[in-house]
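Fit chain B to the given chain A structure using the hints.
If you want the building blocks of each chain, they are given just below.
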Amino acid sequence: MENWDRIREKLQILADAAKYDVSCSSSGSKRANTEKGLGNTTGMGICHSYTEDGRCVSLLKILLTNYCIYDCAYCVSRKSNDIKRAGFTVEEVVALTINFYRRNYIEGLFLSSGIFKNADYTMERLVRVAKKLRTEHRFNGYIHLKTIPGASDELMNEAALYADRLSVNIELPTETSLKQLAPEKNYHDIMKPMAYLQQGITARVEEKQGVYKAPAFAPAGQSTQIVIGATPETDQHIMTLADTLYKNFKLKRVYYSGYVPITSSDHRLPVIGTPVPQIRENRLYQADWLTRFYSFSVEELVDQHHPQLDLDIDPKLSWALRNPHCFPIDINKADYHLILRIPGIGVGSALKIREARKFRKLSWEHLKKIGVAFNRAKYFITCDSATHFHRDMNPDALRHQLLAQSKYAKGLSSQMSLFQ
Amino acid sequence: MMTQLIYDGTLWGLLTVIFEAYERRLEQVRILKTGTAHPDIFGTSLLIISDPVKAARVWKGLKEKLSASALHQFYSCYLSELPQIEDTLLAFTRHVFASKQNSEKDFGHEATLTLSKVGRMVHREKHRMEAFVRFQRWADDVYFAIVAPDYNVLPLIVPHFKNRYGDQRWIIYDQRRKYGIHYDPETGKVSEIELELTENPLTPSAEVLHAEEKNYQMLWQDYFSHVNIAARKNKKLHLRHVPMRYWKHLTEKQPG
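From first to last, the protein sequence lines stand for chains A and B. The opening position of the first sequence corresponds to residue 1 in the working numbering, with each subsequent residue numbered one higher. The opening position of the second sequence corresponds to residue 421 in the working numbering, with each subsequent residue numbered one higher.
No wet-lab data here; the hints were simulated from the structure. Keep in mind that the hints are not guaranteed to be accurate.
Stated by the list, open to error - Pairs of lysine to aspartate or glutamate, EDC-like flavour, derived with a Cα cap of 16 Å:
| id | chain 1 | residue 1 | chain 2 | residue 2 |
| --- | --- | --- | --- | --- |
| 1 | A | Lys36 | B | Glu606 |
| 2 | B | Lys673 | A | Asp53 |
| 3 | B | Lys653 | A | Glu281 |
The shape of chain A in the complex, shown without the other chains (with noise of 0.2 Å):
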């Protein structure tokens, strides 16, 4: 590259404009690397490095460019906002991500841009930078690539057959929140590609069991992004809605990301110096992998009398309690997915649990050993042992007596400093 500043200014302020987007998967993608070509991805997705936040590295991500003709409230790059815009050229992403990636720094190129002209004319840039990727540099990388509200069914087609993952922002809970702050979406542009894409994956898929090979089509399927905190939507509304998104069209991922104030002349939003709500964003989080990997449905975590989540605790916990006709569950009789819903036992433990109560009674001291929270999950529990620890247990007591034990204490006075 002939002009490293110019580079180094327009990757700074690219990167700046792109961070907000908290997608960072790159899983769920198995691509080889051919003969002599460069890269694979490995189905497991690989975090380089975190940033001090907190959050995994895995991907280049950044925007092709900040100009944007749309004007939404939220958004960073917005026409109006007054900050310094820049445009990467497609060979410059290449050279970019070709170099990272030799270097072992990343997964692959998450590239999303700001809408300059319309909609087709920014989706085919986005497209045109993949296609040389996987065309002219025999890249097998991960590419992620945003797709624009609004763009043609041909674009999304080709770009489908270069990016492992395609994905497009929801941002707002509800569609009265979006035409409030962005003014030019609406929800029918948001789901028409996703409903698009949906098809081609799904028909791809059943293609793949027929004797030819198909060539990939988005292998790492779709996800979306939901805005916490900025709009006044419940966890029940915003669960309900990432509940359809899955069943509907088969997305892979939801992500939630806590609202970030970016602005302080906007009485529409919180100003800035309003706290990220990460506490609640990461129960939103935990939920969202119960329903997904703990067979817990919407309605049992969330609903018209409980329309939030509990910040103080996780949602499991949470439920239990309320549920204590559920328990005590028979850790050496009970089926696997009841197990799963012991407070302080994960996927880990519940599949030794399982494995090792086929050659003996387990008693504390295994479950202990094992791996399990024990001093959440005993209450919960009957073993091979004459202790026990759930008889006249009431909830709310129950609930005190967890929330005075140190993860839960730390959590809360975290949580306190937040709101100071």
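For chain B alone, kept in the frame of chain A given last:
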């Protein structure tokens, strides 16, 4: 009576020791590497010489009893180099051979559970190395990286780097254990190498490096600092993911 069995530190050596423990019907055994053993005045010490035939018999026996992943875990645990891991591996082996059914998931058995935990620790370190290796491109087009992993995981990361960087020449050097792995794109083979490093390899002189290397390091440092969101600063979480002992080999953690 306690018997000390002393071996050469190799996997074949360890498997030979296990063979001898059976052969000589030794009940109470401590297995030690040469150089780490102290004379035991109350017991006997035996120096066991690696024997490929005996070692292969033990390995074959394990292979028949265990799944491929449990066998791999056995190897990973050996690479952990943790004190007394050999004793745990022997206890595990005894349990495997004594059980009629496959006992590798008998997590109520102490050695079996310990190995599943150590195996995970080693796997985690392997995964960390796949993440934290930072190549510097040299003027002669070798991509060179230095690491100092907690466990001896270079043998475990070979397939990953070979598959990923099949078209570039690279070296990953373990500073702690003083050996490296070298991949040659012409032959497609990885070999172990021992290197005498004449200058501090973390800060090579300008003529050693490729003309563009410093620029890309700077761009990576820029990128790293600009993806951070200051309003979300969380040092504790950061340190949990990137413990300080790895920093000296991370390009993004070097002063710009």
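A quick look at each hint next to the structure:
The suggested pairing of lysine 36(A) with glutamate 606(B) holds, with an alpha-carbon distance near 10 Å, which does not exceed 16 Å. For the proposed pair lysine 673(B) and aspartate 53(A), the alpha carbon gap of about 15 Å is at most 16 Å, so the pair holds. Annotation: proposed proximity of lysine 653(B) to glutamate 281(A) holds, straight-line Cα distance about 15 Å (limit 16 Å).
Figure legend: structure checked against the earlier numbered hints; every hint is met.
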